[in-house]
Amino acid sequence: MSKLTIVMFSGDLDKSMAAMIIANGAAASGWDVTIFYTMWGTPLLRDPNKKAPKPKDTMGRMFGMMLPNGPDNLKLSKMNMLGLGTSMMKGRMSAKNVKTIRGMMEDAKELGVKFLICDLTMNIMGLQKEEFSDIVDDFVGVGTYLDAAEKAEVNLFI
Amino acid sequence: MSKLTIVMFSGDLDKSMAAMIIANGAAASGWDVTIFYTMWGTPLLRDPNKKAPKPKDTMGRMFGMMLPNGPDNLKLSKMNMLGLGTSMMKGRMSAKNVKTIRGMMEDAKELGVKFLICDLTMNIMGLQKEEFSDIVDDFVGVGTYLDAAEKAEVNLFI
Amino acid sequence: MSKLTIVMFSGDLDKSMAAMIIANGAAASGWDVTIFYTMWGTPLLRDPNKKAPKPKDTMGRMFGMMLPNGPDNLKLSKMNMLGLGTSMMKGRMSAKNVKTIRGMMEDAKELGVKFLICDLTMNIMGLQKEEFSDIVDDFVGVGTYLDAAEKAEVNLFI
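Top line first, the protein sequences correspond to chains A, B and C.
Letter by letter, the first sequence follows residues 336 to 493 of the working numbering.
Letter by letter, the second sequence follows residues 336 to 493 of the working numbering.
Letter by letter, the third sequence follows residues 336 to 493 of the working numbering.
Hints are supplied without guarantee of correctness; some may be wrong.
Take a look, some chain A residues computed to stay more than 12 Å from chain B by CB distance [stated by the list, open to error]:
id, residue
1, M394
2, K464
3, T479
Listed next, the stretches of chain A that the computed footprint assigns to chain C, with coverage defined by at least 3 CB atoms under 8 Å from CB atoms of chain C [as the list claims (entries may be wrong)]:
id, segment
4, 337 to 347
5, 368 to 375
6, 380 to 387
7, 454 to 460
Listed next, the in silico DSS-like pairs over lysine-lysine satisfying Cα-Cα at most 27 Å (straight line) [to be verified]:
id, chain 1, residue 1, chain 2, residue 2
8, A, K425, B, K391
9, C, K464, B, K425
10, C, K431, A, K389
11, C, K449, A, K486
12, A, K413, A, K434
13, C, K413, B, K431
14, C, K413, A, K464
15, A, K338, B, K449
Hints are computed from structural coordinates only; laboratory data are not their basis.
We put the beta carbon where it would ideally sit given N, CA and C, even for glycine.
Please model the entire structure based on the sequences and the hints provided.
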């Protein structure tokens, strides 16, 4: 069984779409797929319906407010044009029957894609485990990513 | 024979240059090289002298106008500075005998680099096969990319 | 011994941090790690206390002034917010005992990470060997990078 890992560093709509299409394409062909969400990618897996149980410090609250809350309000990395480009792209994805990022993540989960969150990013951004989507498999350090990457045929940084 | 694949996601001058230098360096040493153009990378292979034969819908026309038309008018991803940085970089590349992106693509073709276009991106952006440069080898899905990447020693996402 | 290579194309604070954390995590586990600094990544290894010995032409002087001078004044690729986001991130890294990029580079050197500079970028940007930090192992072309990547289990473009 071939293996794919992705370091999901970016939190942009277009890069998320590319990552999920590659991940789901591989998983649908029987590959073992691991995505390691770090830095701007981490907030993609926040669940907007969950709240942090422990009080946050000032910086943690600021990061919490400024970072995206899940995959539903992402922007394009290029041609966002105050939101117009992003709206165009979302409309177009819908018209062409391309799923939303949320829909692609749900498919990925069903296909067995493993979702890992970088614990160092959580620490820096003041994010708590309880804020994340149930889709998340584990909260891990870079060593866990490297173990997976070492055995994989394909490793991408997106 | 070693193998290299590149997912060419970006359409920026600097990232295109990096990709082509790595691709041509590998191909010149006898590597088997495949570049899969997706998202913003796809328009790099449009041919400004060709026209779409079928009428486009409104969104398709808008994407067609806003996207780059081939590799001759790209911008830097950083320090574009309203075009000044890009002009500086182009002037410098020329002064140092670094070829243009178009020139590097032609070299790549002669060295046997394979140019693949992501058919999902074409669908979303409303691009038609007849708009693309003769340099393109094929219009394919992510599965074709994964088949190549699985067998390659080096896989990059740019 | 497993091997990791990174093409360090970006010069951003956040991407540098990701690269150094992955590199040092691997090196601390005994991996052989090579980082090839190209394009915007190259100035990260300039030493602000060193000066170019040979006179530069106008373009070389302009690049020299506009490019970062070492790893101490980098910006975030996202949410820089006129420097506020970058300050927040730096403060947070410090509060959470995450080292600076400079500190992580010094750790990397001790762990045996190999620092290579892309000679083509030097040529385009008019940078001279004597301007770089003592941390640099060598000034090389893309062929040297490809030789390392060919043998490595994990190759990333950041």
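For each hint, the structure was consulted:
Once the 12 Å rule is applied to beta carbons, M394/A is consistent with being away from chain B; the minimum gap is 27 Å. The non-interface label for K464/A is consistent with chain B: the shortest C-beta to C-beta separation is roughly 29 Å, beyond 12 Å. With a cut of 12 Å on Cβ distances, T479/A stays outside the contact zone with chain B, its closest approach being about 21 Å. Only residues whose beta carbon comes within less than 8 Å of a beta carbon in chain C count, and the segment 337 to 347 of chain A has 3; three or more means the coverage holds.
Counting residues of the segment 368 to 375 of chain A whose beta carbon lies closer than 8 Å to any beta carbon of chain C gives 3, which meets the minimum of three for the stated coverage. Coverage of a stretch by a chain is defined here by at least three residues with a beta carbon nearer than 8 Å to that chain's beta carbons; for the segment 380 to 387 of chain A and chain C the count is 0, and the condition is violated. Counting residues of the segment 454 to 460 of chain A whose C-beta lies closer than 8 Å to any C-beta of chain C gives 4; at least three are required, and the coverage claim holds. At most 27 Å may separate the alpha-carbon atoms for a hinted pair to count; K425/A and K391/B meet this at roughly 18 Å.
Taking the CA atoms of K464/C and K425/B, the gap is about 23 Å. The hint holds against a cut of 27 Å. Taken as a hint, the K431/C and K389/A pair is honoured in the structure, with Cα atoms around 18 Å apart against an allowance of 27 Å. Simply put, K449/C and K486/A have alpha-carbon atoms about 22 Å apart, close enough for the 27 Å limit, and the pair holds. Pair hint K413/A plus K434/A holds up; C-alpha atoms about 20 Å apart against a cutoff of 27 Å.
This hinted pair does not check out: K413/C and K431/B have alpha carbons roughly 32 Å apart, beyond 27 Å. Distance hint between K413/C and K464/A is fulfilled; the C-alpha atoms sit about 24 Å from each other, no more than 27 Å. A C-alpha spacing of about 24 Å is found between K338/A and K449/B, which places the hinted pair at or below 27 Å, so the restraint holds.
Hint check: violations occur at hints 6 and 13; the rest are consistent with the structure.
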